[in-house]
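Chemist: Count the sequence shown with the working numbering and you get residues 1 to 403, in order.
One or more of the hints may lead you astray.
Unchecked claim - Taking lysine-lysine pairs in the DSS-like style, the calculated list, with each CA pair at most 25 Å apart, reads:
id, residue 1, residue 2
1, K99, K37
2, K403, K335
3, K207, K143
4, K275, K254
5, K280, K198
6, K99, K76
7, K37, K207
Hint data in this document are derived by calculation from the structure and do not stem from the laboratory.
Since this is a predicted model, take the numbers as computed values, not measurements.
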Amino acid sequence: MSLKMYQLDYDELVQSWNKTLEVLALFADVPVALVMKVENNIISVFSKNNNQDNPYEIGDSEELEDSGLYCEHVVKTQKLLNIPNALIDEDFKENPDIKLNMISYLGLPICAGDTTPFGTICILDSKPHEYNEPVIKLLETIKQSFETQLKLLHQQKQAFEQQQFAELATLIRGIAHELNTPLGNCITAVDVTQLAVKETQTRLLKKRLSQQALQNTLETLINTNELLDRNLTSSAYKIRILQDLLYTKSQSSKTIMTLEQLSESLYKHLDEQIKHRGIKLDINYQKPHSQIEVDIDLLKQVLFILLQNSIEHAFNNITDPLIEIDIFDFDEVLKIHYTDNGTGISSTELSSIFTPFYKGKNNQSGIGLGLSIAKKIVSQQLQGDICVQESDVGAHFLISLPK
Numbered sequence: 001m002s003l004k005m006y007q008l009d010y011d012e013l014v015q016s017w018n019k020t021l022e023v024l025a026l027f028a029d030v031p032v033a034l035v036m037k038v039e040n041n042i043i044s045v046f047s048k049n050n051n052q053d054n055p056y057e058i059g060d061s062e063e064l065e066d067s068g069l070y071c072e073h074v075v076k077t078q079k080l081l082n083i084p085n086a087l088i089d090e091d092f093k094e095n096p097d098i099k100l101n102m103i104s105y106l107g108l109p110i111c112a113g114d115t116t117p118f119g120t121i122c123i124l125d126s127k128p129h130e131y132n133e134p135v136i137k138l139l140e141t142i143k144q145s146f147e148t149q150l151k152l153l154h155q156q157k158q159a160f161e162q163q164q165f166a167e168l169a170t171l172i173r174g175i176a177h178e179l180n181t182p183l184g185n186c187i188t189a190v191d192v193t194q195l196a197v198k199e200t201q202t203r204l205l206k207k208r209l210s211q212q213a214l215q216n217t218l219e220t221l222i223n224t225n226e227l228l229d230r231n232l233t234s235s236a237y238k239i240r241i242l243q244d245l246l247y248t249k250s251q252s253s254k255t256i257m258t259l260e261q262l263s264e265s266l267y268k269h270l271d272e273q274i275k276h277r278g279i280k281l282d283i284n285y286q287k288p289h290s291q292i293e294v295d296i297d298l299l300k301q302v303l304f305i306l307l308q309n310s311i312e313h314a315f316n317n318i319t320d321p322l323i324e325i326d327i328f329d330f331d332e333v334l335k336i337h338y339t340d341n342g343t344g345i346s347s348t349e350l351s352s353i354f355t356p357f358y359k360g361k362n363n364q365s366g367i368g369l370g371l372s373i374a375k376k377i378v379s380q381q382l383q384g385d386i387c388v389q390e391s392d393v394g395a396h397f398l399i400s401l402p403k
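Model the full structure from these sequences, guided by the hints.
Modeler: Structure, rendered in structure tokens:
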């Protein structure tokens, strides 16, 4: 789970737009096609065609206010600007683009996904250029396409943030629920302790403190101390689990190893947890000498969570309990199937099993965070995916890690 706010990732968008601008420049027979982005009164090159005669570089920027740029006029008016020859145009004959020998301009405004100004799409030429109707129509079509893409990105951002707020609300409710009981018990224990001490002090001042009364007070203090210790330990454990859920390691420590080495490392780590429980562990793989690069510690943590989940919830009344891990090495992805022959996961629980604080029908004692932590590790730190598969027997998890 991540509580970061969504940041628009424009990298793929820029690459796609660059290719579109290539086509636009070729069709219009101009050396320059650009998308300019406006932000905080700065206008910068956001996307461009690749042409040796294009003097602009992505990231080039200017202050927008009173710059005299063609694009400033488009941003302010939110209308088409068509300048066949700036050298004979009183309004634009001294604009900054003239210094780059860009004397002809055709541009349109682009709106962001929230309908605020994003910037402009434009073409420029180093010679006088009368732009015909097909070129103008193509520019309008590309503008509309780019605005549609920006709108979709904005909708994705909104959906992501709504999901984040929903997850945060679930997390807050879960924290309150899990900590309310132990902290309430601690408050009660403190109240009882204060009352017992106060009564004892009163009896002592009045010289009415009997040995039996003192003994009763000591027993009360011992009991409340045990209650405090038990509930504070429980609270500390739950807070540590929450820290595991929210903490994201900044850097991954990857190791190159063969599948055989990976299997041996996993077996040594996991078998230690189950060898005294009568549970059999099988780890299967093909291509034993095939090499992969993986953060073995994080992968062990994920599989340990799955293993603990099986131990605690899957094997009640199961004879010959078995856990199998099957590793498949493909060209671009490493797939790890984790299965057990336990009581399984009902179809109604499949969609909720990674939700923080969710407790299935077999989870009577846990706090419902283990699988949430596993999901967070795989998706955010290992940059992969984990999902639960429907299975006729037991539980079946699939971990996919990019190579």
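Chemist: Work down the list of hints and note, for each, if the structure agrees.
Modeler: Checked hints:
1. K99 x K37: It holds: about 21 Å lies between the C-alpha atoms, which stays within 25 Å.
2. K403 x K335: holds (10 Å)
3. K207 x K143: violated (92 Å)
4. K275 x K254: Given pair K275, K254 is violated - Cα atoms ~28 Å apart, limit 25 Å.
5. K280 x K198: violated (58 Å)
6. K99 x K76: Holds - the C-alpha atoms of K76 and K99 are around 22 Å apart, at most 25 Å.
7. K37 x K207: Given that 25 Å is the threshold and the Cα spacing comes to 85 Å, the pair is violated.
The structure shown violates the earlier hints numbered 3, 4, 5, 7.
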